[in-house]
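Quick note on our numbering: the sequence shown kicks off at 41 and runs consecutively.
Quick caveat, the hints were computed from the structure, so don't treat them as lab data.
Since we're looking at a predicted model, the values are computed, not measured.
For every residue, glycine included, the Cβ atom is placed at its ideal position computed from N, Cα and C.
The reader is advised that the hints may include incorrect statements.
[Unchecked claim] Straight-line C-alpha distance at most 25 Å; calculated DSS-like pairs for lysine-lysine:
| hint | residue 1 | residue 2 |
| --- | --- | --- |
| 1 | Lys428 | Lys474 |
| 2 | Lys51 | Lys236 |
| 3 | Lys165 | Lys422 |
| 4 | Lys58 | Lys43 |
| 5 | Lys472 | Lys238 |
| 6 | Lys472 | Lys426 |
| 7 | Lys51 | Lys238 |
| 8 | Lys422 | Lys472 |
| 9 | Lys165 | Lys428 |
| 10 | Lys422 | Lys236 |
| 11 | Lys422 | Lys238 |
[As the list claims (entries may be wrong)] Cβ pair distances, simulated, as ranges:
| hint | residue 1 | residue 2 | range |
| --- | --- | --- | --- |
| 12 | Val263 | Thr130 | 27 to 37 Å |
| 13 | Thr207 | Ala306 | 16 to 26 Å |
| 14 | Leu246 | Ile433 | 39 to 49 Å |
| 15 | Trp260 | Phe294 | 51 to 61 Å |
| 16 | Tyr270 | Thr130 | 51 to 61 Å |
| 17 | Gly279 | Leu246 | 16 to 26 Å |
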Amino acid sequence: MDKFLQRFQLKEHGSDVKTEVIAGLTTFLSMAYILAVNPSMLAASGMDQGAVFTATAVSAFIATIIMGLFANYPVALASGMGLNAYFAFTVCPMVAGMGVQDPWKVALTAILVEGVIFIILSIFKFRETLVNAVPANLKYGISAGIGLFISIVGLEGAGFVADDASTLVSLGNVGSPQVLLAFVGLLLIGVMWHFKVKGAILWGILATWLLGIAAQFTGWYAVNPEAGVYSLIPDFSGGILPPSLAPTFFQFDFTFIAAHFVNFAAIVFAFLFVDLFDTVGTLIGVADQGNLLNEKGELPNAGPALMSDAVGTVVGSVLGTSTVTSYVESTAGVAEGGRTGLTAISTGVMFVLALFLSPVFLAIPSFATTPALVFVGLLMMKSVLKMKFDGDIADVVGGFLALIMMPFTYSIANGIMFGILAWVVLKVCTGKVKDIHPVMWVSFALFVLRIITLVFPV
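Kindly produce the complete structure, drawing on both the sequences and the hints.
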């Protein structure tokens, strides 16, 4: 056991086993919602919901364990939100419109191809070079932007914010138990954090959930599945054995590629684009939060981390789930002190346990994770203090756009896109072309191509 633990360099990172395990559990609880959301979402495309649940958990376990063992980073992976929505509500309806009986098989094929391309890009260190070539101001802007992004994700999960036709967003129903309990949970984390209680964020999640159960028993929290309000009490009536993978395992449709190559290429590019820059942004944000960047602002050992992501995507497509990617909720574990791959290992193990204790994990509501996401967002906003707002104009504008476009467009990738586009253009306009790394030119070209595909969709 000691030899196994030595590979994580716990002392060198100022951590210990207990801290790493608590951090891993915190990360898991912060992202456990994917085990409920992903099967439900992909089922809308015709996939077997039970099989998708198992595929989601198993692929998350494999990818996260690889990340922990080979990259030694406290980053967890699972089927990405946004990417699964594109899978179910854009790709599948489009393919179905072409007369394909099982459009989800085409989508899985596109994810397989995307994963293989990512492996190739990782072998040639394109992604690693990109992570390290992003200017420091953009890195800090990305980290702070992710903080705002996960904060609004958390607020939305509890109903703090709501859609509004005139103002885009507005205050939600502050009298609802979800909002009030989430607010209490946030305050609890704040108090525990002040008194340096170990595992404050984790305890905040669990306390909010338990308060919700109490509210359900009293009738204040009224269960109404049709309105999306589900019971907070675990239901073991269906047993604990995980559903079979058979309905989704290795279900690809390669015949579609030959018949609709251009459409297929467009699908692959969209998956590729979002996953590439979401991953880059997440790794930068998590590394900055955990002080894992070196003195040059670079991410050491980035290659294995990015390869873990690529392999996870391929594994996920084979098992039967949407693109597997690095999770920004990993920052919740980092905030609890997680600094090494042992945090990721702990999170990965929880995904295995979730296969047999799914009623427990699926009962944790999104409003219980809201306090964690908002508090972590607060911690990530500290990166703004490292940003320079009176230096090179390209760094200033690029970093600021990266910061604001993530929450305002609800996409980490969009924030990176506008940040890099502005940075390159301003470098050219101010006569500093020599400052532009070749990989930044490649990224710029990819973003221009992405803009074109958005304006003129195939």
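Hint by hint, here is what the structure shows:
At most 25 Å may separate the alpha-carbon atoms for a hinted pair to count; Lys428 and Lys474 meet this at roughly 21 Å. The hinted pair formed by Lys51 and Lys236 meets the criterion: a straight-line CA distance of about 20 Å does not exceed 25 Å. With a CA separation close to 30 Å, the supplied pair Lys165 and Lys422 exceeds the 25 Å bound. Annotation: proposed proximity of Lys58 to Lys43 holds, straight-line Cα distance about 17 Å (limit 25 Å).
For the suggested pair Lys472 and Lys238, the alpha carbons sit about 48 Å apart, so the restraint of at most 25 Å is broken. Between Lys472 and Lys426, the direct Cα distance comes to roughly 23 Å. Compliance with the 25 Å bound is thereby established for this hinted pair. Among the hinted pairs, Lys51 with Lys238 is consistent with the structure: their alpha-carbon atoms are about 18 Å apart, no more than 25 Å. At most 25 Å may separate the alpha-carbon atoms for a hinted pair to count; Lys422 and Lys472 exceed this at roughly 29 Å.
Restraint check for Lys165 and Lys428: not satisfied, since their Cα atoms lie roughly 29 Å apart, outside the 25 Å limit. Restraint check: the Cα-Cα separation between Lys422 and Lys236 comes to about 19 Å, which is no more than 25 Å; the hinted pair holds. For the hint linking Lys422 to Lys238, the alpha-carbon distance of about 21 Å falls within 25 Å, and the restraint holds. Judged by the Cβ atoms, the range 27 to 37 Å given for Val263 and Thr130 holds: they are separated by roughly 32 Å.
Between Thr207 and Ala306 the CB atoms are about 34 Å apart, so this pair departs from the stated range of 16 to 26 Å. Distance hint check for Leu246 and Ile433: the Cβ-Cβ separation is about 47 Å, which falls inside the suggested range of 39 to 49 Å. Distance hint for Trp260 and Phe294: a CB-CB separation of about 53 Å, consistent with the stated range 51 to 61 Å. The hinted range of 51 to 61 Å is not satisfied by Tyr270 and Thr130, whose Cβ atoms lie roughly 26 Å apart.
One distance hint, 16 to 26 Å for the beta-carbon pair Gly279 and Leu246, holds here, with the actual separation near 25 Å.
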